[in-house]
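Work the whole structure out from these sequences, hints included.
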Amino acid sequence: MSRDFLIAFAHYDQYLSGLWNTLWLSAATLVLASVAGCIVAALMLAPHKIVRLPATTFVDAMRCVPFLLFAYLIYYGLPELSLRFDSWASGLIALAVYHTAYIAEIVRGAWTSLSREQIEAGRAFGFAGLPLLGRIILPQLFFASVPLIGNQSIYILKDSAFLMIITVPELTFAASSVQSTYFVPFASFVIAMLLYWLVTLVIEAMVKRVELAAEIRRG
Amino acid sequence: MSDLPFLLQGAVVTASVSLAAIVLGVPLGLALAIIRWQRVPLLSQVVAAYVSVIRATPAITLALLIFFGSPSIGIVLGATPAAVLTLLINTSAFNCEIWRAALIDFPRDQLEAARAYGMTPVLVFRRVVFPQVWRTSLPALVNEMTLLIKASPALAVIGIVDLTRAASRIGAATYKPLPPFLAATVIYMLLVIIFVTTQRLVERRIRQRFNLA
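If you read the sequences in order, they're chains A and B.
Quick note on the working numbering: the first sequence kicks off at 1 and runs consecutively.
Quick note on the working numbering: the second sequence kicks off at 220 and runs consecutively.
Hint data in this document are derived by calculation from the structure and do not stem from the laboratory.
Fair warning: there could be bad hints in the mix.
One side only, chain A facing chain B, incomplete, derived with CB under 8 Å [to be verified]:
| hint | residue |
| --- | --- |
| 1 | PRO185 |
| 2 | PHE189 |
| 3 | MET193 |
Even glycine gets a Cβ: it sits at the ideal position worked out from N, Cα and C.
In C-alpha cells:
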C-alpha cells in the first residue's frame with residue numbers, strides 16, 4: 001500500500017497540473033457566474049412579468065437538472081445547432097451557465113432580505129444613484145451573500161470533477177490517468193480527495209475572514 | 220419515441236439507487252450526529268474528520284475510489300453495491316450536519332426536565348428529542364435528497380446506466396441528443412417534485428396533528 005502511494009507521489013506533476021486546471025476552471029466559473037448571477041437576479045426582481053418570467057424559468061430549470069446532464073447538453077447537444085466547442089470551452093460554459101442560476105438565487109435572496117429602512121435612511125441623508133449603491137446597498141448585499149457564495153464555490157469545485165467525463169484534464173482526470181497507467185487506484189484517488197479537501201478548507205477559511213470583517217464593520 | 224423504455228429504465232436505476240442511499244443514509248447520518256452531539260471521545264473526532272473530507276469530495280471521485288480502490292483493501296464490489304455505497308457515504312456526511320444542527324439547537328431545559336423525571340438517556344432521546352428533531356430537520360433532509368439525485372449521474376463512471384447515461388446513449392445512437400436530454404430533464408424534475416411534494420404533505424399533516432398555525 002505505501003508503495004502505491006510512492007508510485008502516485010512520483011507523478012506529482014500530473015496531480016499539480018490537474019489541480020491547477022481544477023482551480024482556474026472553478027475560479028473563472030465563480031467570477032463569470034457571479035457577474036451573470038447579479039444580472040439574472042436583477043431580471044428576476046424586475047417589475048415587468050415579461051422580463052421576470054424567462055429569468056425565473058431559467059433559474060428553476062437549472063436547479064432541477066443535474067450538472068452532468070447539462071454539460072452533456074452543451075458538449076453533445078449544441079453541435080446539433082451548429083455551435084461546436086472543444087471540451088475546455090464546453091466545460092467552462094456549462095459550469096458558468098449552470099452556477100449562474102444558483103448564484104442568481106442567492107443574490108435574489110440576499111436582496112429580498114435587505115432591510116428597506118437602511119436604503120430609505122440613506123436616501124434621507126442625501127445618498128442617491130451610485131453612492132447609494134456603492135456605500136449602502138452593495139456592501140450589505142456582499143456581506144449577506146458571501147457565506148452562501150462560499151458554499152456555492154465548494155459546489156463549483158465539486159461539479160468541475162464531472163468534466164473529466166468530457167475529457168477535461170482536471171484533478172480527478174489526472175488521478176484517473178495515474179491509476180489506469182500504474183494501477184494504484186486507492187492511493188491515486190485518496191490523493192485527489194485530500195487535494196479537494198485542502199482547497200475546501202482554504203475556501204472555508206476565506207469565508208470566515210470575510211464574516212469576521214463583516215462583524216467588525218457592524219461594530 | 221421507441222427509446223423511451225430505455226430512458227425509463229435509466230430513470231428506475233436513478234430512483235432506486237438514490238432511494239437505497241436515502242433509506243440507509245438518513246439513519247446513518249443521525250447515528251453520526253449523535254456520536255458528535257454526545258461528544259463520544261475519539262469517535263467524535265473521527266466523525267468530524269470524516270464529514271469534513273466527504274463534504275469536500277466530488278461524488279465522481281468517491282465513486283472511482285470505491286469501485287477501483289476497494290479491491291486493494293481486499294473487498295471486491297460490483298457496480299451497483301459500489302454505487303449505493305458511494306451515494307450513502309456522500310449523503311450520510313451531509314445528513315450528519317443537518318441532524319447535528321437540530322440536536323445542538325435542542326432546548327436544554329427540556330433535556331433537564333426529562334432527566335429530572337428519571338428518564339433514561341435512551342428514553343429521553345426516543346420520547347422527547349427525536350419526535351421534535353426530525354420535524355425541524357425534515358426540510359433540510361429533503362433538500363439534501365434532491366442534491367443526492369442531482370449527484371447520482373456521477374455513477375456513470377463506474378458503468379451504471381442511470382437516467383443521464385441512458386439519455387446520452389440514445390443521443391449518441393440517434394445523432395439527435397436534444398430530445399433525450401430534454402426528456403431526461405423532465406424526468407429529473409418529476410423526481411425532485413415527488414420529494415418536495417411529499418415533504419409539503421408531511422409538513423401539513425404535522426401542522427394539523429399538533430395544531431400549529
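*Indices of hints not satisfied (ascending)*: Failing hints: none at all.
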